[in-house]
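Line by line, the protein sequences are chains V and Y. Per the working numbering, the first sequence starts with residue 1, numbered consecutively. Per the working numbering, the second sequence starts with residue 1, numbered consecutively.
Be a bit skeptical, because a hint or two may be false.
Stated by the list, open to error - In silico EDC-like links for lysine to aspartate or glutamate, alpha-carbon gap of 16 Å or less: (1) Y:Lys229 x V:Asp252; (2) Y:Lys229 x V:Asp64; (3) Y:Lys86 x Y:Glu244.
Simulated from the structure, these hints should not be mistaken for lab results.
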Amino acid sequence: MGAFDHDEGYRLRVRKNAAFTWLVLLPSLLVLAILAVIVLTVFLKGVKALNPRFFLETQKPFGDPGGGIANGIVGSVMVLGIAALVSVPLSILAALHLVEKSSSFLSTLLRLVVDSLQGIPSIVIGVVIYAWMVVSLGSFSAFSGGIALALIMIPTVTTSIQEVLLLVPASYMEAAISLGVPRWRASLGILLPAAKSGILNGVGLGIARISGETAPLLFTAFGNPFMNLNAAKPTGAIPLIIYEYIKSPYADWHEKAWGAALILVAFVFALNMAVGARKTDKSR
Amino acid sequence: MKKAITPSALAAVFLCLVLGAAGAQGAVSLLGSGASFPAPIYSKMFDVYARETGVKVNYQAIGSSGGLKNIMDRVVDFGGSDSFVKDADFSKYPGTIVHIPTVAGAVVVTYNLPGSPKLRLTGDVVAEIFLGNIVKWNDAKIASLNPQLKLPNLPIMPVYRSDGSGTTFNFTAYLNAVSAEWKSKVGSANSVSWPVGQGAAQNAGVAGVVARTPGSVGYVELAYANQNKLAVASIRNSSGNWIEPSLESTSAAAAGSMPKDTRILLVDTNASEGYPICALTWIIVYKEQNYGGRTREQAKAVVDLLWWITHEGQKYTNALDYAPLSDSAVKAAEAIIKGITYGGASLR
Chain V
1 MGAFDHDEGY RLRVRKNAAF TWLVLLPSLL VLAILAVIVL TVFLKGVKAL NPRFFLETQK
61 PFGDPGGGIA NGIVGSVMVL GIAALVSVPL SILAALHLVE KSSSFLSTLL RLVVDSLQGI
121 PSIVIGVVIY AWMVVSLGSF SAFSGGIALA LIMIPTVTTS IQEVLLLVPA SYMEAAISLG
181 VPRWRASLGI LLPAAKSGIL NGVGLGIARI SGETAPLLFT AFGNPFMNLN AAKPTGAIPL
241 IIYEYIKSPY ADWHEKAWGA ALILVAFVFA LNMAVGARKT DKSR
Chain Y
1 MKKAITPSAL AAVFLCLVLG AAGAQGAVSL LGSGASFPAP IYSKMFDVYA RETGVKVNYQ
61 AIGSSGGLKN IMDRVVDFGG SDSFVKDADF SKYPGTIVHI PTVAGAVVVT YNLPGSPKLR
121 LTGDVVAEIF LGNIVKWNDA KIASLNPQLK LPNLPIMPVY RSDGSGTTFN FTAYLNAVSA
181 EWKSKVGSAN SVSWPVGQGA AQNAGVAGVV ARTPGSVGYV ELAYANQNKL AVASIRNSSG
241 NWIEPSLEST SAAAAGSMPK DTRILLVDTN ASEGYPICAL TWIIVYKEQN YGGRTREQAK
301 AVVDLLWWIT HEGQKYTNAL DYAPLSDSAV KAAEAIIKGI TYGGASLR
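So that you can see chain V by itself, here it is in the shape it has in the complex (with noise of 0.2 Å):
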């Protein structure tokens, strides 16, 4: 009966695990915590700048007080519109092919590129885009930004994109093709439209990933402080101009700054929660 209660043995293995337990525990407590101090830091010192204003008005001359950030929340609009519209097809169709023709020379060729793409600084695809696009054509311009930010979204989005298609049952496939449809119109009428959910994730994903990206932008969309609308052109962003406003000496640029990366967070967080809702809603 005492036996087990003076086993020294099981004692140490109690607390071993108790340890253990909290080994573990410690640090994902830590990393919360992290988290909720960076979300905190930016809420308490971003809701000041918080104003309708702010999000109507362009930003003002060097040490004017006022205005607001209208012209980088329209110009991050187009920027991620069109890395959207630029990667989410590309990666679509590259997903399919890494999963229906998995082991040709393309797939490896594929994997290897979408490997490789990921492990590229951004700052690096930005000089690049600068030299390709920017110079060749003779402008900074909101659509080389996309593009920049779209070669980031790429590897994201394809991966995410192949998970899921991978878990579509392989009998969905079958069914079709032994019914006679071409294998073309069953990947896109089948294997598609049942992975429609865990797509959508994949996209709110690559964008949540680059909406915060700064230096694929510094020399690609440039900045501009009126509101653009043209996507030739050069054009503000919410991360240029937190960068811009975050080095500068005045108090009142801090607050905006501020209040730009409230924002900025805000949209990831809601992006992210809105991946979440979804995938909770698939698993039901």
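Based on these hints, arrange chain Y on the given structure of chain V.
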């Protein structure tokens, strides 16, 4: 079914918006990049210019070296620089470039000390601080110039420009002129190898670091110091007078004769009331504007803007403590602007 339509419909609407806007937006807009030295006055001028003429001029203060690189790559309508292009470098540009002076400004020595005392410094002492020879604020060399002040026993942290900068060029050109040790050890250029200190990007970055860091000392255009209520030092000029950087002392330094191409250094002026670290800043454009598929309209917009900056635009200089161009500089600028052509024909 409804759900499936939404994303593609959104995409279509977006595409229409982008393409539609591209077609509809007929108004001319111009792009410039470069020097951060005149960025406060440029952003003021271009804000007014957009309201008066509808022409939006987007100026990105990325540093003089960046502006020169951008105009060399022909990806901007104009470059801003407060270091002029050297004769040997003209051939690097794909076309003939011209310099149009826009304003003159003062490079001030700004510092962060408790109580913001008014310091007096000589060029030689400034050189020794940035060489790392003087490391404490209560050093005898600084104290002897400021006998009335009680200086703290605080380490000096010099702050310099990390990007290629015309402000650096003019500041180091001045130190070159007054300190033999500086000339032999460091020299003068848009970016130099600093013996001590910490780097920061653009004028705004240097002003930001100085504003935040007690004991720091940096060099920025006067407007940046004034807008942020930073302390600035009086400097002894070559006539032996203690001169505070100001609109008047900058104008005095900029009042001298002007060469036809306006490429002139203003540092270490011999004007007795002139501030010794002044500089002109230029806009750099191609003399022949018909390149890379540019329209005549675009070229005309550049020339009109340059004319406006060197004439009507000059009245905005005073509020920001820049000095307007001297009469001889305006005359020289007029001749240069009239020489800018599109397909060989003058635009003015």
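For this session: Taking the numbered hints from earlier one at a time, note which ones the structure violates and give those numbers from smallest to largest.
Result: Violated hint (a single one): 3; every other hint is consistent with the structure.
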